[in-house]
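Asker: Here is how the chains run, residue by residue.
There are 4 protein chains.
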Amino acid sequence: MATTPHPVVEYTSPASWAMIEDKFSPFAKETLAKLIKFFEARACPDEEIQPAIKVAHAQLPTDPSLRWKTVIPVIEELKVKAKKLGLWNLFLSKAHYPEHGVPLTNLEYAVMAEILGRGGHMAPQAVNCSAPDTGNMEVLARYGSPEQQKKWLIPLLNGEIRSAFAMTERFVASSDATNIRTSIRREGDEIVINGHKWWISGAGDPRTKLHIVMGKSDPNSKNTYNQQSVVLVPADTPGVTVVRPMSVMGYDDAPEGHCEIIYENVRVPLGNLVLGWGKGFEIIQGRLGPGRIHHCMRSIGAAQQALDTMLRRVTDPGRKTFGKFLHEHGTVIADIAKSRAEIESARLLVLSAALQIDKFQAKGALKEIGIAKFVVPSMALGVIDRAMQAFGAEGLSQDQELASAGPA
Amino acid sequence: MATTPHPVVEYTSPASWAMIEDKFSPFAKETLAKLIKFFEARACPDEEIQPAIKVAHAQLPTDPSLRWKTVIPVIEELKVKAKKLGLWNLFLSKAHYPEHGVPLTNLEYAVMAEILGRGGHMAPQAVNCSAPDTGNMEVLARYGSPEQQKKWLIPLLNGEIRSAFAMTERFVASSDATNIRTSIRREGDEIVINGHKWWISGAGDPRTKLHIVMGKSDPNSKNTYNQQSVVLVPADTPGVTVVRPMSVMGYDDAPEGHCEIIYENVRVPLGNLVLGWGKGFEIIQGRLGPGRIHHCMRSIGAAQQALDTMLRRVTDPGRKTFGKFLHEHGTVIADIAKSRAEIESARLLVLSAALQIDKFQAKGALKEIGIAKFVVPSMALGVIDRAMQAFGAEGLSQDQELASAGPA
Amino acid sequence: MATTPHPVVEYTSPASWAMIEDKFSPFAKETLAKLIKFFEARACPDEEIQPAIKVAHAQLPTDPSLRWKTVIPVIEELKVKAKKLGLWNLFLSKAHYPEHGVPLTNLEYAVMAEILGRGGHMAPQAVNCSAPDTGNMEVLARYGSPEQQKKWLIPLLNGEIRSAFAMTERFVASSDATNIRTSIRREGDEIVINGHKWWISGAGDPRTKLHIVMGKSDPNSKNTYNQQSVVLVPADTPGVTVVRPMSVMGYDDAPEGHCEIIYENVRVPLGNLVLGWGKGFEIIQGRLGPGRIHHCMRSIGAAQQALDTMLRRVTDPGRKTFGKFLHEHGTVIADIAKSRAEIESARLLVLSAALQIDKFQAKGALKEIGIAKFVVPSMALGVIDRAMQAFGAEGLSQDQELASAGPA
Amino acid sequence: MATTPHPVVEYTSPASWAMIEDKFSPFAKETLAKLIKFFEARACPDEEIQPAIKVAHAQLPTDPSLRWKTVIPVIEELKVKAKKLGLWNLFLSKAHYPEHGVPLTNLEYAVMAEILGRGGHMAPQAVNCSAPDTGNMEVLARYGSPEQQKKWLIPLLNGEIRSAFAMTERFVASSDATNIRTSIRREGDEIVINGHKWWISGAGDPRTKLHIVMGKSDPNSKNTYNQQSVVLVPADTPGVTVVRPMSVMGYDDAPEGHCEIIYENVRVPLGNLVLGWGKGFEIIQGRLGPGRIHHCMRSIGAAQQALDTMLRRVTDPGRKTFGKFLHEHGTVIADIAKSRAEIESARLLVLSAALQIDKFQAKGALKEIGIAKFVVPSMALGVIDRAMQAFGAEGLSQDQELASAGPA
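Residue numbers (UniProt numbering), protein chains in the order written: chain P, 1 to 408; chain B, 1 to 408; chain W, 1 to 408; chain U, 1 to 408.
Treat the hints as calculated values from the structure; they're not laboratory data.
Incorrect hints may have been included.
Identical chains share a label here; the pair holds if one copy fits it or two copies do between them.
As the list claims (entries may be wrong) - Straight-line distance between alpha carbons at most 27 angstroms, and here's what the computed BS3-like set of lysine-lysine pairs gives:
| id | residue 1 | residue 2 |
| --- | --- | --- |
| 1 | Lys23 | Lys367 |
| 2 | Lys359 | Lys23 |
| 3 | Lys324 | Lys338 |
| 4 | Lys29 | Lys84 |
| 5 | Lys320 | Lys279 |
| 6 | Lys367 | Lys324 |
| 7 | Lys320 | Lys373 |
| 8 | Lys69 | Lys151 |
| 9 | Lys367 | Lys320 |
| 10 | Lys338 | Lys320 |
| 11 | Lys324 | Lys222 |
| 12 | Lys84 | Lys34 |
| 13 | Lys363 | Lys279 |
| 14 | Lys338 | Lys363 |
| 15 | Lys222 | Lys320 |
| 16 | Lys150 | Lys79 |
| 17 | Lys359 | Lys338 |
| 18 | Lys29 | Lys359 |
| 19 | Lys54 | Lys279 |
| 20 | Lys338 | Lys367 |
| 21 | Lys363 | Lys23 |
| 22 | Lys83 | Lys367 |
| 23 | Lys81 | Lys338 |
| 24 | Lys373 | Lys324 |
| 25 | Lys373 | Lys338 |
Use the sequences and the hints to build the structure in full.
Answerer: Now the structure itself:
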């Protein structure tokens, strides 16, 4: 108690840190401290010293024809520095991926994911922990053949390329995966793919070289969980057409985007099949658990960032309405109390789910993952909405990160 | 009861129509029927026959440098037709504006405003009932000098030009109007204006020729309600700089926009003062009441449109998840019931507030207007959000009007 | 507009009254004014002059063995006065019940029901408009034979006896009426009833002389809506056992109560069958519509009464916490605004549903009745809860009517 | 992982237990297991083997004149057994109370408090962990003189007597403690007390022998935190009048009750002053922290109990409405998911607050205690309300514990 608290208590909360501190290895604590220092120097919440994010926004063209061809220079610079510092691929747990992984548990990484979530889309990229690459690397590390790993996993682990995961489909209620219609069939030594996907994140990025495509290889199989297969498709394969980026509440999220894609008679070698015929469902199940926790923790980071932004606003000595400072209005105080309580309880929920994954794998933590997924997005939306209210119209505008924040 | 019901019952609800039908003049009923027919032919909710809105979207360039220079042809065509049909300036009540007004009460127009709200930004423009022009025309009709009316009101009434109302300011808590800082002072035969405004709707539109600017002419007056004056500023006056459009949750709302504007030593003749020195507060008070009711009714139209869209989705025989059609899920049914109840109660509230304005002027209906303003926006957001949920990710995208819908 | 407003605007709201005033007959307006005067003199919301309700509470014994044997004297006195004033059976619309009805529409009575709802259980009794007697009188007036009407309807209309409606059953999901199990069968000239009911309101009252019992007379009928019949059972028939009163959130609601009843080989003459064999479903359908509107309006009265009570509390100059009067706390203001908006919108909803019933019968107003039933109870609970908060612990206690208020 | 999980995972949740298990001493784990066994045998949630609570209810007379004179026999029997098992005074942490305490941390006891909260008012009494005795024993153990401890603390620790804490006052906004008006003044060798208190829990119990009374001894002191003193008043001192029990939402909570009390010229010896003149505020501050955590955890137990009850109901194969079992209705599933998430997040919040108290005392955990107090009561009410809905009217009645459950 006499010792200096770990710097993470400034970013998470003393009470939640006290619950988990003794579960952190010395390596994890050190890495976390290093990540915070790196984050603060480049992407700290204070507006004066958060230059990288601002620079990144400025480096992205507004012209729709250029937005999708841009590699943002400042992010690439950050990646070089992060790799040197050992802040790289932190999501990939050595316990599950001995060869390529980092000695961090899911719980330990979860706390780091919250920090990363404070920096929007950019911070996770800086340390090569961006979705959908993270889940894709897990798929390749767990199920990929040595050739597949050499060709795709290594460049992904090095941050040299990016990737997309093509599952959801247009005209199909694809939240129920058994509805998927994309056809994957063998023709001699080749696999032929035909399908119409959309909301494929990352597919717009010029660095994206690989699509991991899920489809039905045996649609008539009686076991609905054996109908699907997963195939690796280089992004430049003939027949792959990125139709358009989908916009999300008005945002195109360039350059990654969430794209509509048509696969028309796309042909890849047999060796591009992952794991085996009919193994598609097994692959996506393994992919989703930890990814959801990462996503939840990043959303919590976004929410905490929004609350911190709100707190700076309502304590701004220059803002007085109807004779009171903003933080003197009872409804503002109530909003802050509510946001604080919601963030803290969501954080504890997700951290406990991460711990369950460490103990019992994703399969043994389905209930906890389900609760996290149910609670966090609406919590984050509520917190961010209250922060926007404190800014008035400015909160909805491009001058604040709030309108584009949220469960990223 | 044996007679055919008025076609409005398809757009509003039988129960609310029964409450107000006997308060409608024959002229109002006819006009309403005509408006519905016109709206159906050009902007009906059915996707196949709503071509005008789709055309308008297609006619608006995506290139940021062109979006603000465009007059959308299809809207101008609609305006010509609407004027011929007598569907024009319906918002301007003859009771209050005998010279230029239309013989419709606030209550009668309120029902029409709901219909117009179903057509996004375009439908109100088609019949020259768009904010902020509506409020600006009211200001000019009530407080303008004959010269001011001739120069600005007539072209606005004719739909030849558009206008902006410059009140809210950057760096100022301007929801409390006494905080306004823009300076308006006399220098000889001229008025000199200096100020920094933002969120000035319509200021981006190439058709906008007039800014009605509010500022402080006597900041030291003991009576805080005599400090403000209102001045007419032609949009092309030297010193007027439209800095940028503000984006609202990612949307720029081109070509109208909500702009940041700097007025730097802007000089206009003394004759451009509206009503008199120190009359600014009086002017904006009179301006706000009916406008808020119109805005609320348009929002209710947007909400009803979203619910109708949702109903078409959940009864789509092609959408089945987890073995059930969407409309068979209990949570979907509960969402529909909630939306229906919320829309209907908001509608009755706003209609009753409109009736109060008809009876007691806006001043005598402050409480009812306040309740409407408090209830409607969050109602509309809730209804639209539930509709989006029914569409999954598609609901957030450019393929549905939902993400850009809402209290317009 | 120059005329004095009707006194009802003090009890309902000017805005909703303006929507419906022109639909009220002179008789209805007079009766409403008379009712308000009677209510004010005996049961006004001001604590000093609401003696009758306080007296009634004092006249009800606390001893469980006496509570169910008591006829509260002050209520009987009020009934005598009300009958003299013509404030009697106001719920029974002459349009539907020419012989016994009062010339009031559903809409007209709905406004009166709100006033009555401000006086808890007592006020409706004072004017012979208490559930379940109201619905039961409607059943007898519409479907009863001349003998049945003479024996039961007349004393009910005179307020000489009370009655119960025995539908819901123990051990059965009886919100789905097709699940009902009580057996009603013919044996010679008699009808034999066996069943186990509960939540039978009014069955505990010593004045209750009649049970209207619903059961299955033809459980094997293919048409599930022809299986039920309704029979009149004198309360003192051998085999009728009132087992116990059910308590509702801790309240026994003596002396009426909501009782558990066993009917064991209860025998009544054939002439006690209502309308005909297999007509049970038809009877209860006709019974429910207007009753739900009355119930909703009484709940709105209870909510408005709670809000008025809250307003008196928060403007009490003696209550100051943390340096502020209660009405100066932003959260209190927000609570009041929310309650005001919710009450007003619920009121307009229910009034418009009442008008639909007047126009199209209950059958033609199912959607509107459904919305009213969905919205009002949770609205009332929310409003009453906020009022309780303003009182602190006192709000939960026997010193305020709030804990026992609510959808009565 | 191969070991058998601690039985507490059936009562709390695996995920929250995993977060804290390593913070439990072997003694705490053993005691917890013993408590569960004792609780299961006597007060398990299954209706067949929860005889003690049912017996207790049956042993409490309904006659108002007897309810306040009754010592419920079955509770006294349970106390004897619990003491033998060492399940006694578990709330009193040895770390803070070396002489009388039990070697349990706040965190360790918090988990036990949740178990106790499942058994309503009775379970905490059975192990001598009932409010307000717990807080009163803490006051006496921390601030009491040796004589005061001998006379009052020892019998309380032995469960021989009960006690009340008299702080809140009638006619006073006493949530702000500086408003307190009760006068405590010295007259020679005596202290004279005059005041009017209400909501004094436990004061109705025939076993209550001590009132710990807070009042103002120096109302004019400039330091508002030095104005108060605390005095021990034997319940039978002349001048102490228990006026009446206050009812809470219709419940009298006999025999403990929450009473209105008048202290009129009550005289006690000087030695009954606790800690010193002007120390009242300090005493109540120390009293509140851990007590709030205990209260929160008991409320969580009540909520979890309600959810378990709901789960049994909705999986009851005998309940089918509109063709579906209750657990097949989407809205029921959504209710369960929401309740589960809310309980689990509240549990983690409160456990983390308990850990903060262990680390930094109540003073160092004010923020965490504040969040717990803010979140838990409304969570519990929401969960219990949803459980009631699943039971229909039965859920509101005396046949289920739900109506009387809630933050106890």
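Asker: Take the hints in turn and mark each one as holding or not.
Answerer: Here is what the structure says about each hint:
Within a single copy, Lys23 and Lys367 get their C-alpha atoms as close as 22 angstroms, and across copies as close as 24 angstroms, so both meet the 27 angstroms cut-off. For the homomeric pair Lys359 and Lys23, the shortest alpha-carbon distances inside one copy (12 angstroms) and between copies (17 angstroms) are both at most 27 angstroms. In the homo-oligomer, the alpha carbons of Lys324 and Lys338 lie at most 27 angstroms apart both inside one protomer (21 angstroms) and across protomers (22 angstroms), since each shortest distance falls under that limit. In this homomeric assembly, Lys29 and Lys84 come within 27 angstroms of each other (Cα to Cα) only inside a single copy, at 18 angstroms, whereas the closest approach across copies is 46 angstroms.
Proximity of Lys320 to Lys279 under the C-alpha cut-off of 27 angstroms is restricted to the inter-copy arrangement: shortest distance 24 angstroms between copies versus 61 angstroms within a copy. Proximity of Lys367 to Lys324 under the C-alpha cut-off of 27 angstroms is restricted to the inter-copy arrangement: shortest distance 23 angstroms between copies versus 46 angstroms within a copy. Proximity of Lys320 and Lys373 under a CA criterion of 27 angstroms is satisfied inter-copy only: 23 angstroms between copies versus 38 angstroms inside one chain copy. In this assembly of identical chains, Lys69 and Lys151 lie within 27 angstroms of each other by CA distance solely inside one copy; the values are 24 angstroms within and 49 angstroms between copies.
Taking the shortest Cα distances, Lys367 and Lys320 sit within 27 angstroms of each other only across copies (25 angstroms), while inside one copy they are farther apart (46 angstroms). Taking identical chains as interchangeable, the C-alpha atoms of Lys338 and Lys320 lie at most 27 angstroms apart whether they share a chain (22 angstroms) or sit on different chains (24 angstroms). Proximity of Lys324 and Lys222 under a CA criterion of 27 angstroms is satisfied inter-copy only: 20 angstroms between copies versus 68 angstroms inside one chain copy. For a Cα distance limit of 27 angstroms, the shortest separation of Lys84 from Lys34 inside one copy, 12 angstroms, qualifies, whereas the shortest one across copies, 54 angstroms, does not.
In the homo-oligomer, the alpha carbons of Lys363 and Lys279 lie at most 27 angstroms apart inside one protomer (17 angstroms), although the nearest pairing across protomers, at 56 angstroms, exceeds that limit. Proximity of Lys338 to Lys363 under the C-alpha cut-off of 27 angstroms is restricted to the inter-copy arrangement: shortest distance 21 angstroms between copies versus 33 angstroms within a copy. Only between protomers do Lys222 and Lys320 lie at most 27 angstroms apart by alpha-carbon distance; the minimum there is 19 angstroms, versus 67 angstroms within a single protomer. Only within a single protomer do Lys150 and Lys79 lie at most 27 angstroms apart by alpha-carbon distance; the minimum there is 21 angstroms, versus 63 angstroms between protomers.
Taking the shortest alpha-carbon separations for Lys359 and Lys338, only the inter-copy value of 25 angstroms comes in at or below 27 angstroms, while the best intra-copy value is 32 angstroms. Taking identical chains as interchangeable, the C-alpha atoms of Lys29 and Lys359 lie at most 27 angstroms apart whether they share a chain (20 angstroms) or sit on different chains (20 angstroms). With identical chains, the CA atoms of Lys54 and Lys279 are never at most 27 angstroms apart, being 43 angstroms at best within one copy and 43 angstroms at best between copies. Taking the shortest alpha-carbon separations for Lys338 and Lys367, both the intra-copy value of 25 angstroms and the inter-copy value of 13 angstroms come in at or below 27 angstroms.
Taking the shortest alpha-carbon separations for Lys363 and Lys23, both the intra-copy value of 21 angstroms and the inter-copy value of 26 angstroms come in at or below 27 angstroms. For the identical chains of this complex, Lys83 and Lys367 are neighbours neither inside a copy (35 angstroms) nor across copies (38 angstroms), given an alpha-carbon limit of 27 angstroms. Neither within a single protomer nor between protomers do Lys81 and Lys338 lie at most 27 angstroms apart by alpha-carbon distance, with minima of 38 angstroms and 43 angstroms respectively. Taking identical chains as interchangeable, the C-alpha atoms of Lys373 and Lys324 lie at most 27 angstroms apart only when they sit on different chains, with a minimum of 23 angstroms there against 39 angstroms within one chain.
For a Cα distance limit of 27 angstroms, the shortest separation of Lys373 from Lys338 qualifies both inside one copy, at 20 angstroms, and across copies, at 12 angstroms.
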